[in-house]
Amino acid sequence: MATFLLEVGTEELPASFVASAIAQWSARIPASLAEQHFAPAMVQVYGTPRRLAVVIEGLPERQADRQEDVKGPSVQAAFKDGVPTKAAEGFARSRGVSVKAFEQRQTDKGEFVFVTQTIPGRATVEVLQALVPEWIFGLEGKRFMRWGDGDHRFSRPIRWLVALWDDTLLPLTIENGAEVVRSDRHSMGHRVLSPGAIAIPSATEYVATLRRACIEVDPQQRREVIITQANAAAAKIGGVASINPTLLDEVVNLVEYPTAVVGTFDADFLAVPAEVLVMEMESHQRYFPVLKEANNPDLLPYFITIANGDPTKADIIAEGNGRVIRARLSDGRYFFDTDRKQSLDAYLPKLETVTFQEALGSVRAKAERIRAIALQIADQLSLSDEQRTHVQRAALLCKADLVTQMVGEFPELQGVMGETYARVSGEAEEVAIAIREHYLPKGAGDVLPHTRIGQVVGIADRLDTLVGIFSVGLIPSGSSDPFALRRAANAILNIAWDADLPLNLEHLLSQVVTDYGTGTIQDPAALHTQLQDFFLQRIRTLLQDDRHIDYDLVNAVLGEDDTDYAERALKDVLDVRDRALFLQSIRQNGQLTAIYETVNRSARLAKQGELDTATLDPSTVVKPDLFEQASEQQFFDALTQLVPQTQAAQANRDYQTLVSALANAAPVVERFFDGDDSVLVMADDAAVRRNRLNLLALLRNHARVLADFGVIVKSDAPANPN
Amino acid sequence: MNFQSVIATLHQFWGDRGCLIVQPYDTEKGAGTKSPHTFLRAIGPEPWSVAYVEPCRRPGDGRYGENPNRVQHYYQYQVLIKPSPDNVLEVYLDSLRALGIRPEDHDIRFVEDNWEDAAVGAWGVGWEVWLDGMEVTQFTYFQQCGGIDCRPVSVELTYGLERLTMYLQGINSIFDIQWNASLTYGDVHFQGEVEGSVYNFEASDPEKLFLLFGLFEGEAQRLIQHELVLPAYDHVLKCSHVFNLLDARGVISVTERTRYIGRVRSLARSVAQLYLQQRESLGFPLLKGEREPVA
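Heads up: the protein sequence lines correspond to chains G and L, in order.
Heads up: the first sequence begins at 233 in the numbering used here, then just goes up one per residue.
Heads up: the second sequence begins at 76 in the numbering used here, then just goes up one per residue.
Mixed in with the good hints, there may be bad ones.
Residues of chain G placed beyond 10 Å of chain L at every Cβ, according to the derived structure [to be verified]:
no., residue
1, A263
2, F270
3, G290
4, W367
5, I459
6, P505
The list that follows gives simulated cross-link-like pairs (lysine-lysine, DSS-like), each with its CA atoms no further than 30 Å apart [unchecked claim]:
no., chain 1, residue 1, chain 2, residue 2
7, G, K303, G, K341
8, G, K674, G, K524
9, L, K313, G, K582
10, G, K582, L, K283
Since the hints were derived computationally from the structure, they do not count as laboratory data.
Ideal Cβ positions, reconstructed from N, Cα and C, are used throughout, including at glycine.
Based on the sequences and whatever the hints tell you, model everything.
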């Protein structure tokens, strides 16, 4: 068994591509080898900014010979009266055998002739020579480039190739226009710590050889070194390194030989909000900030940079980086000082010059609309007068920081600066916090707003965007959702669900559509329907994907082509969530099974009747004098008993009481269907038939208070179909 | 090393490596890339190696001379080599050595940074070069210019001359750069920064600028009709500069902005195509028989 090494040397790759290429090769190379009938003992992929490499252990000299059955024509077509036909001879010729080699075998399409051939295994190195270019140019990534006068596309130019079969060079060539890269046993050492070529004696010595040339090819090793060194460096200055995981992922692939270097800046800069300092350090310089203590955002005037240079030059490196961050922080402080020269509300007029969307006017106009919507939400939530005042103020000011210099320079600080400037301007604390919080969540999985004011303004802002953007026809389709409207609708639902806000979305949507006015909206009814459908789809997705509710139970609470359920869901977004969660819980604890047969069967049969879906009381729609069996009277009595229980359950949203009551009624309904005195529902007599169908429809109506049982699938826990 | 020695050293270095040393182009522009020595020469199959200093104007970056790092007029040192050679990163590191910066003593990083200038339909892939955390050079492999695929690919290096010199001189304000032994950058440019900022943000007349944009655009279109590549391109540059002045005044809304950029881009594309046709009809003279025309 042999070991194969491939190293693709490049100019500096983007950090994100290094990570992605390692993941792609880790999946594809084993699969590609398996297709060629290899089962290597180990496939290990490495990568640095200047190289991607794979070491494959346990490869045989050759593929094993293998038997392959080749199917020919049907026996009927191959032989006429026992004599081989032209078709048979043609097939034999194409496989290089005589017709005597044919075997006849039965298949599901009839009897066919087959030949069994031995395919000799190819030399592994030959196979690898064919596979390697596929591996390299099969990698995918964003923004690939061409270079020189060639046509190859890759993340960055490819400059060298190492390909070793144990200690033997495997010849490979990449031609890119006039440039030709031929495989070699020479890799390249670290640009400054070990410049120049370094010979790899054999494939198994790859990692160790490069380590001697100051290259750590294993990203996991680099990650550990970075964490250890950053923590130690922070401890030395009495602080704690703040290691943002996303930044760490990037930094791992920005260096070949990591060294933590500590630099410092003037403590005066700590007067600038920590968010500004952290952003300057993290996003612009890829530094780790240093905290005073764990879990406390207060900073120390230090930073840690992970250098790729000579550890003995740490002082020079620290000094250079220190000058850069001081210049950047001066900029930040300048913006901070300038912005604070006027109060936050003084920025409002300038918002008129910022376009929200061409047809929807300025951001100033949007702020006004947010305020109106937020007040409607405040009504629904019965907020206090004080809260209403805060809601209005926060809504008015929530976008004002967009025209400050700091946010103009660092757009990612929107909201954060608004909060800071609101405080400086003497706004109420609730208003300041809400200005920041109304942007939350910033993405899937981000934190949600904690304060009521922040929740209300955040929902109002997104509702305005949704209705506005829908009204100008920019409705998301497929993967195209440039205004992130799906995310906006998800955020509205998640905020309401998380804070248990009993929103009536149905009412809000019609209000907002009306308020936009006929000037903007041509067909308000159609727009309203589009928005309803959009929100229902979001509810469906969130319940299935985030809350892990089975698809059929989601259908049961949202209804299938049943506008009652759709409207009910939008009128009370908490209730639809609670019913879905409750259904899932009774499926798990078995209570659903106890009522499933009777309720589902009733619901399905009741469709053949005419009773409306609202009636619960049997006294007006069922005539006891038409009963032929005792089971019918019992069913009637059970329904009569159910009425007060269902009504109470409906009023209190106490679905457990309803389900228990339905479970109590189940034996009676079973007896009606299948007992000794069961009846035939579809009786010949129309009056009797209607009477019995009405009994079933009434049971269905009771169950409808919870869900549409007709669409629930029988199995205890059906797998999602997608 | 003073400012003028930095320039002289880079001229010597790149001149020794086969680059034509040319002079700045005499029309206002936001970046060295927009000089026809780069923007037009990057198009088409003819080889080209050039180095020059380019004054750049970024009206919106004016800070009335109050910010030590940000100015509305500054210099770039620009190198363009077509086709991109395979050892260009090593040569670049040698250029730092020539300036007295030993890469061995520092943390030099090539950090992904892809460049795009939508207003001239150009984009490329490359890095910003970090010297101990400071961006000192922009490196770009041109993929498209004026909407035309670059074949072969040029590589562009843009040194931030002021930053490099500040680093070499160990100073923290652009205005303190020692230009020669006796005069500073501030002596030469401080008053210009103050006045430029006043003009860019206060004294410019947006109505006249809108008018000028239209006039320059019309001239560019007319000159494109006359197939006068360079005169047409001069007017594209003027459009671009007037647009930057309007932008600095904050009188262009986000949506209008896209539309103005689109107008400049469409002119730049026409000029780029015209240039390629012109070179082709001249038989791509710089190929000198080394290579068959690609187009």
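**Prompt:** Out of the numbered hints, which ones does the structure contradict?
**Reply:** none
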